[in-house]
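*Asks:* The lines below spell out each chain.
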Amino acid sequence: MLEHRPKTLSEKIWDRHLVKVGQNSEPDLLYIDLHLIHEVTSPQAFEGLRISGRTIRRPDLTLATEDHNVPTTDIDKPIKDEISRKQVETLRRNVEDFGITSFPMGHPNQGIVHVIGPELGLTQPGMTIVCGDSHTSTHGAFGAIAFGIGTSEVEHVLATQTLPQSRTGTMSVKVTGELPPDATAKDVVLTIIGTIGTGGGIGKIIEYRGPVIAGLSMEGRMTVCNMSIEAGAKAGLIAPDEVTFSYLRDKPHAPKGADWDEAIADWKTLCTDQGASFDDEVTIDGSKIGPMVTWGTNPGQVVALDDVVPDPDSFKESPYRESASRALEYMGITAGTAMRDITVDTVFIGSCTNSRIEDLRSAAAVVDGRRVAKGVRTLVVPGSGQVRAQAEAEGLPEIFRAAGFDWREPGCSMCLAMNPDKLSPGERSASTSNRNFEGRQGSLGRTHLVSPPVAAATAIAGTFAAPADLA
Amino acid sequence: MKAVRIVQGRAVPLDRSDVDTDQIIPSDWLKRVERTGFDEGLFATWRDDPDFILNNKNYRGAKILVAGTNFGTGSSREHAVWAIQQYGFEAVVSPRFADIFRNNCTKNGLVAVQVSPDCGSDLMAAVQAAPDLQVTIDVTQLTVKVPAIKFATTYKMDVATQRRLLEGLGDIELTLQHANDIVTYEQNRRHWLPRSVSFPE
Numbered sequence: 021m022l023e024h025r026p027k028t029l030s031e032k033i034w035d036r037h038l039v040k041v042g043q044n045s046e047p048d049l050l051y052i053d054l055h056l057i058h059e060v061t062s063p064q065a066f067e068g069l070r071i072s073g074r075t076i077r078r079p080d081l082t083l084a085t086e087d088h089n090v091p092t093t094d095i096d097k098p099i100k101d102e103i104s105r106k107q108v109e110t111l112r113r114n115v116e117d118f119g120i121t122s123f124p125m126g127h128p129n130q131g132i133v134h135v136i137g138p139e140l141g142l143t144q145p146g147m148t149i150v151c152g153d154s155h156t157s158t159h160g161a162f163g164a165i166a167f168g169i170g171t172s173e174v175e176h177v178l179a180t181q182t183l184p185q186s187r188t189g190t191m192s193v194k195v196t197g198e199l200p201p202d203a204t205a206k207d208v209v210l211t212i213i214g215t216i217g218t219g220g221g222i223g224k225i226i227e228y229r230g231p232v233i234a235g236l237s238m239e240g241r242m243t244v245c246n247m248s249i250e251a252g253a254k255a256g257l258i259a260p261d262e263v264t265f266s267y268l269r270d271k272p273h274a275p276k277g278a279d280w281d282e283a284i285a286d287w288k289t290l291c292t293d294q295g296a297s298f299d300d301e302v303t304i305d306g307s308k309i310g311p312m313v314t315w316g317t318n319p320g321q322v323v324a325l326d327d328v329v330p331d332p333d334s335f336k337e338s339p340y341r342e343s344a345s346r347a348l349e350y351m352g353i354t355a356g357t358a359m360r361d362i363t364v365d366t367v368f369i370g371s372c373t374n375s376r377i378e379d380l381r382s383a384a385a386v387v388d389g390r391r392v393a394k395g396v397r398t399l400v401v402p403g404s405g406q407v408r409a410q411a412e413a414e415g416l417p418e419i420f421r422a423a424g425f426d427w428r429e430p431g432c433s434m435c436l437a438m439n440p441d442k443l444s445p446g447e448r449s450a451s452t453s454n455r456n457f458e459g460r461q462g463s464l465g466r467t468h469l470v471s472p473p474v475a476a477a478t479a480i481a482g483t484f485a486a487p488a489d490l491a
Numbered sequence: 023m024k025a026v027r028i029v030q031g032r033a034v035p036l037d038r039s040d041v042d043t044d045q046i047i048p049s050d051w052l053k054r055v056e057r058t059g060f061d062e063g064l065f066a067t068w069r070d071d072p073d074f075i076l077n078n079k080n081y082r083g084a085k086i087l088v089a090g091t092n093f094g095t096g097s098s099r100e101h102a103v104w105a106i107q108q109y110g111f112e113a114v115v116s117p118r119f120a121d122i123f124r125n126n127c128t129k130n131g132l133v134a135v136q137v138s139p140d141c142g143s144d145l146m147a148a149v150q151a152a153p154d155l156q157v158t159i160d161v162t163q164l165t166v167k168v169p170a171i172k173f174a175t176t177y178k179m180d181v182a183t184q185r186r187l188l189e190g191l192g193d194i195e196l197t198l199q200h201a202n203d204i205v206t207y208e209q210n211r212r213h214w215l216p217r218s219v220s221f222p223e
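The listed protein sequences derive, respectively, from chains A and B.
Positions 21 to 491 (our numbering) are the ones given, in order, by the first sequence.
Positions 23 to 223 (our numbering) are the ones given, in order, by the second sequence.
Hints are computed from structural coordinates only; laboratory data are not their basis.
Misleading hints may appear alongside valid ones.
To be verified - Label-pair ranges, simulated between beta-carbon atoms:
| id | chain 1 | residue 1 | chain 2 | residue 2 | range |
| --- | --- | --- | --- | --- | --- |
| 1 | B | Leu198 | A | Lys106 | 29 to 37 angstroms |
| 2 | A | Asp96 | B | Thr58 | 31 to 39 angstroms |
| 3 | A | Ser297 | B | Arg82 | 46 to 54 angstroms |
| 4 | B | Asp203 | A | Glu412 | 44 to 52 angstroms |
| 5 | A | Glu282 | B | Gly190 | 39 to 47 angstroms |
| 6 | A | Asp300 | B | Gln163 | 49 to 57 angstroms |
| 7 | B | Thr206 | A | Glu342 | 49 to 57 angstroms |
| 8 | B | Thr165 | A | Thr215 | 30 to 38 angstroms |
| 9 | A | Arg421 | B | Pro72 | 44 to 52 angstroms |
| 10 | B | Thr176 | A | Ser338 | 21 to 29 angstroms |
| 11 | B | Ala152 | A | Gly482 | 49 to 57 angstroms |
| 12 | A | Glu418 | B | Leu198 | 54 to 62 angstroms |
| 13 | A | Lys106 | B | Ala152 | 41 to 49 angstroms |
Idealized CB from N, CA, C, for every residue including glycine.
Start from the sequences, fold in the hints, and give me the full structure.
*Replies:* What follows is the structure, given as structure tokens:
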């Protein structure tokens with residue numbers, strides 16, 4: 021009886037990873053298909069393994085890369101920041117000691133952990149994927165349950181290839197209608213977060229559905245799933261379809277030959293059944309979405325580019341009003357100012373949200389034949405060595421450089437300012453990253469989140485702008 | 023992990039919502055490879071402001087942090103929990119916690135006390151008015167009490183988390199009791215699932 025109950029996609033994937041069903045209110049024990057690690061959240065986990073004399077259960081299901089700390093210039097030289105260098109060297113020793121495949125700085129496969137998993141074909145439908153990084157939700161774009169974990173959990177997965185997890189709630193976010201041509205996946209997800217709030221997804225796995233989601237490329241779907249965590253969600257996912265399959269077909273680690281056919285047949289079963297119910301359902305009209313810009317210090321504080329900085333008093337409920345006042349003070353902007361009248365100092369195109377080839381193409385198309393506004397610092401940081409190589413093959417660096425942009429080596433870079441790419445105090449950025457938290461891009465820096473085309477247009481105009489605004 | 027049954031002491035009111043983990047421990051601090059030494063990094067940027075609540079001498083030595091809703095959003099950094107504990111806090115009270123932060127709390131024995139928004143505001147106002155109030159958080163009974171002002175409320179915590187806190191249990195030991203189930207599971211995995219080996223150059 022129970023077996024035939026209609027299930028949501030996330031329930032199906034959850035159920036196929038049950039090593040043991042939790043008894044007496046204990047959590048379920050879930051098998052983990054892929055564990056991605058990087059230098060920042062792993063050292064204390066390896067230390068824990070050494071102290072307890074444990075080893076790694078499945079190094080062949082574990083992949084390491086260097087991304088958070090790495091500089092985006094002079095990568096042939098040792099990392100200047102001593103503490104960063106020590107952290108990267110610690111990862112190198114750990115992968116060596118425990119026999120884990122790793123892509124160090126400068127390797128053609130190196131890159132942001134959430135960019136390389138998909139492009140290598142390691143991210144596939146129906147999998148469970150974890151990483152000590154909250155943006156692991158990115159991999160949900162393939163119809164996988166993918167979520168960020170803490171360092172204790174990293175150690176747990178290294179030791180057991182499993183994680184105890186209490187069953188999470190389910191949430192459907194349906195985006196209906198047709199997306200206007202000037203709106204991107206980034207605008208879709210910023211609209212979703214603006215609608216459900218930064219806590220709207222807490223305790224739930226969001227399934228993104230509807231024609232707008234189905235119409236997105238894999239890159240766009242990754243952008244949407246990437247920011248699930250900014251709505252507080254445990255994870256976000258999208259049912260795999262022909263777009264997913266054709267993205268995966270030629271990837272190095274995709275199944276081959278008869279395995280491919282078997283995999284496709286299996287992946288086609290990965291959808292929410294007719295009649296399955298979600299704990300929570302939200303519908304958003306995609307035809308009303310346009311270019312978006314954040315104005316505050318969390319990603320839910322967002323308006324349309326056409327709009328003005330909101331008045332804190334327009335938020336009736338506490339704590340939103342207090343939070344808005346505080347945010348405006350921090351951001352140094354006043355209520356009623358048109359978003360298009362705000363000038364920026366820096367434009368950052370990169371991060372696990374928007375550093376894939378499609379993102380770079382869309383930005384390059386905007387800046388082609390134009391010049392960056394005087395005084396604006398601009399950097400393009402591709403998400404991986406492969407993205408960088410592809411962009412080079414397409415001539416994108418020349419376009420960016422001719423417009424006055426800096427073209428850099430891959431890494432997380434100014435998304436979280438753990439490397440030398442930082443905002444100075446008071447500096448304002450238009451950034452294609454995922455978090456506009458206080459100091460996120462450098463102590464006392466001011467971040468506005470935007471899509472790649474808006475970032476590119478803003479670099480040219482010097483104030484927030486859409487491509488259509490450029491002469 | 024140390025078992026925790028009762029947290030008793032004074033509380034600091036951090037009257038802000040959406041306190042993300044970048045504020046709790048700024049990213050510069052994440053470069054460290056050690057598990058200790060994070061106390062100075064706790065709210066490092068905010069502490070530069072002399073008026074920030076942690077700089078108020080009246081709250082020195084408090085064991086409980088009372089915060090607004092959506093506490094611990096953003097980055098998965100467990101360093102946030104280490105910093106809060108190493109500074110001296112043993113419990114955080116908020117109307118809502120971000121999932122990863124809450125998980126990280128459990129793994130380290132920091133008690134995440136989720137109260138109703140009304141109770142959260144009442145407690146916030148009470149400790150703002152009287153820094154000396156003794157607050158008692160009971161993990162066995164799942165209660166928060168401030169006898170001096172006759173404040174008492176219950177809070178929710180799933181049984182598994184409560185059990186881990188009360189007994190100081192580590193998850194790896196518990197999981198390894200199911201080692202045979204893991205082996206059985208692995209024998210039945212789809213054979214075409216990817217492995218992180220043999221990459222083409």
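*Asks:* Check each numbered hint against the structure and report the violated ones by number, ascending.
*Replies:* 6
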